[in-house]
Amino acid sequence: MITIKRTLYVLAAVALVLGVYGFWSRLALGERDVNYGSYVNWGLWVAMYLFFAGLSSRTFMLATLDYVFDVPLFRGTGRYALWATIVTLPAALALIGLDLGHMERIWKVYLQPNFSSLLAQLVWSYSMFFLIAIVSLVLAIRGQRRWLKPVMAVGLVLAIFVSGAVGALFGVNPGRVAFQNAMLPAQFPVLNLASGVALLLVIVAFFGIVPERERHGRLLRVLGLALAVLLFAKSYFLWVDYSQVLYSRVPDAVAVVEIVLLGRYAWAFWILQIGLGILVPVAIVLWPGTRRLPVAMGVAGVLVLVGLAVGKTAIIFPALAIPELEGLAEAFTGPHLDFDYTPSLMEWSVTIGVVGLSTLAYLVGTDRVPFLKNTPEVAS
Amino acid sequence: MNEHAPAPRDAGLSRRGFFKGALGTGALAAITAYEVFAIESDPANPVTFPAPSSPLSGPSSQLSSADGQVDVLERMRVELLRALAKPAADRRWVMVIDLRKCVGCHACTIACVAENKLPPGVVYRPVIEEEFGTYPNVGRRFLPRPCMQCDNPPCVPVCPVTATYKNEEGVVVVDYDQCIGCRACLTACPYGARTSDFGLTYGEGLPVAAGQIAGAELTGQYEKVENYEYGTPRRREKGKSPIGNARKCHFCLHRIKVGELPACVTSCIGRATLFGDANDPTSLVAELIARPNVSRLKEELGTQPRVYYLS
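These protein sequence lines are chains A and B, in that order.
Numbered per numbering that gives the first Met the number 0, the first sequence spans residues 0 to 379.
Numbered per numbering that gives the first Met the number 0, the second sequence spans residues 0 to 310.
It should be emphasised that the hints constitute simulated quantities derived from the structure, not laboratory data.
Only a predicted model underlies this, so the values are computations on that prediction, with no experimental measurement involved.
Just to be clear, a hint being listed does not mean it is correct.
Said to hold, decoys possible - Calculated cross-link-like contacts (lysine-lysine; reagent style DSBU-like; alpha-carbon spacing at most 30 Å):
#1 A/K107 with B/K116
#2 B/K223 with A/K107
#3 B/K256 with B/K165
#4 B/K165 with A/K107
#5 B/K239 with A/K107
#6 B/K223 with B/K237
#7 B/K116 with B/K100
#8 B/K297 with B/K239
#9 B/K85 with B/K165
#10 B/K237 with A/K107
#11 B/K100 with B/K223
#12 B/K297 with B/K237
Only chain A is shown next, with the shape it has when bound in the complex (with noise of 0.2 Å):
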């Protein structure tokens, strides 16, 4: 498990030091170097955002499962899914920031804020939420179960509204016919509670934070077991969305589809999405020789986490690559007035260097906040 640790420790600090270019690009020279426009104008950046804060509002509903309904077999996890929150919510933050034209005026958010946007309304949600993991993680520091669950109990509530609000920024808007899926605020909870858990099955495969052996093992089956259901759950949402557009016909709808199926994002669908984020950890966390490998369950939790991040861009891009107009994409051309979107270098290093920076936030903070480098077991 240490090697994992150090591993991982290196790989974080190489992220990190790979988003230092983006870093110094974007806060140096604008949004210049980056390859979502006015078309695709939702890039790399909104789709990680929707990714890591779908995975802090998923660890702390985890959480909730130790800290709030007291389930013995999640005994001494809830710390490891509250600190995770901590650190995957300011990675969210961080890139939609960065994704902001104008990110110095995002206190007009809080202090004029224009309540009838969803947006205005996620702004908001997400900071009561991350206080209140702040909060949580004080209380929970301090030992104050009393306090601790009825708090836990409200940003439950509140985790599962921004989750659902999240699919809905995209169900509402008009002008794009492949985001007008009332399935979306259905879809985002489930999609995200596979995130978390995965997450959660990474921590306890990689980083022995349940000491009892036969814990340890129920635990990583239990984690394997619901993100095999999870994952089953997933298929059958992108079923219904694609079977549902294909049988319409309704043509723009069906050329995001295609997109998706056969067209440029095809290979991050099928390999990525599909072999890597599904069948491949189903098989790892079903088959009797590698479910009781907790390496193996471990690869199959990254693998669904890298799954889960394509499905997010699955969602963005190829609905932004259908011009509302047909002819528009040669009326008038010049930079970032483009359909076809790739993320650019710079995008991708900041992306990498936001992953590498929440990573080695998530592992010195087990290695040196007290409350997170002892177990239970091992402080008691």
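Here the structure of chain A is known, so what remains is to put chain B in place on it, guided by the hints.
Same frame as chain A, now just chain B:
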């Protein structure tokens, strides 16, 4: 409607008038070009452009014509002045684009870029071209696409800080100093009518040139000239609005305010783009939008665009 129906009674442009206009424009362009380069050759004297004229200055608000024919531009300008005399809330600006007259010259696009000093990647009024039919029965048509200034605009409620809204004249505007640059309005617009300013300039990468060649310094100076969108002088400078903002067509409100028609209207060589107050029943646009051959883009969405197309 009959495809060959006569144009509005005052829509004609006499040949003599055309040549007069062309000669006048050419002479003016030559003088202007000389002056600009003359100024440019003196680095101590940076290029300056005049501020918009005072409100409602210019020609008389009465229609007059020696040969009895009045250019629609004249008619629309008189109607504009009449509308400006009313309270703002009583005006209903609409644009009518006659697709049968549009020849796809893109003059409106360029006029808009010049008027609003639009940088690379920002466009308010592209002209969409379409080829249709099968040889030998083929044709081309052109669809200028400004902002639709919807009466039920999907871009407005999504803004988290109310930076975009309909002003009292019903034009959807962007408060550059309020916009946080989230681009939610770009996603929401069903017409792709908003673009984001990513801070690029046309002069980047150009070599430095001396004399009368348009090198980096000359182009750079032009791009730093203030524009007057929304009636406020504003230079594009790093980190400052409108860089980082959503930008869109605003019917040239700054021109309207001083009694001038939008740049795309005055630059249209075929008089295909028409503008006016639909609340004035005698206005040209009010006449035209009552015709049966009028349509609007994506009407099924219920956005109620204020841009009408004649076909």
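Results for each hint:
1. A/K107 with B/K116: Since the Cα atoms of A/K107 and B/K116 sit roughly 28 Å apart, the hinted pair holds (cutoff 30 Å).
2. B/K223 with A/K107: At roughly 28 Å apart (the allowed maximum being 30 Å), A/K107 and B/K223 satisfy the hint.
3. B/K256 with B/K165: holds, 16 Å
4. B/K165 with A/K107: The hint holds at about 20 Å.
5. B/K239 with A/K107: holds, 16 Å
6. B/K223 with B/K237: With Cα atoms ~11 Å apart, B/K223 and B/K237 stay inside 30 Å; holds.
7. B/K116 with B/K100: holds, 27 Å
8. B/K297 with B/K239: violated, 35 Å
9. B/K85 with B/K165: holds, 18 Å
10. B/K237 with A/K107: Holds, at about 21 Å.
11. B/K100 with B/K223: violated, 35 Å
12. B/K297 with B/K237: Given that 30 Å is the threshold and the Cα spacing comes to 37 Å, the pair is violated.
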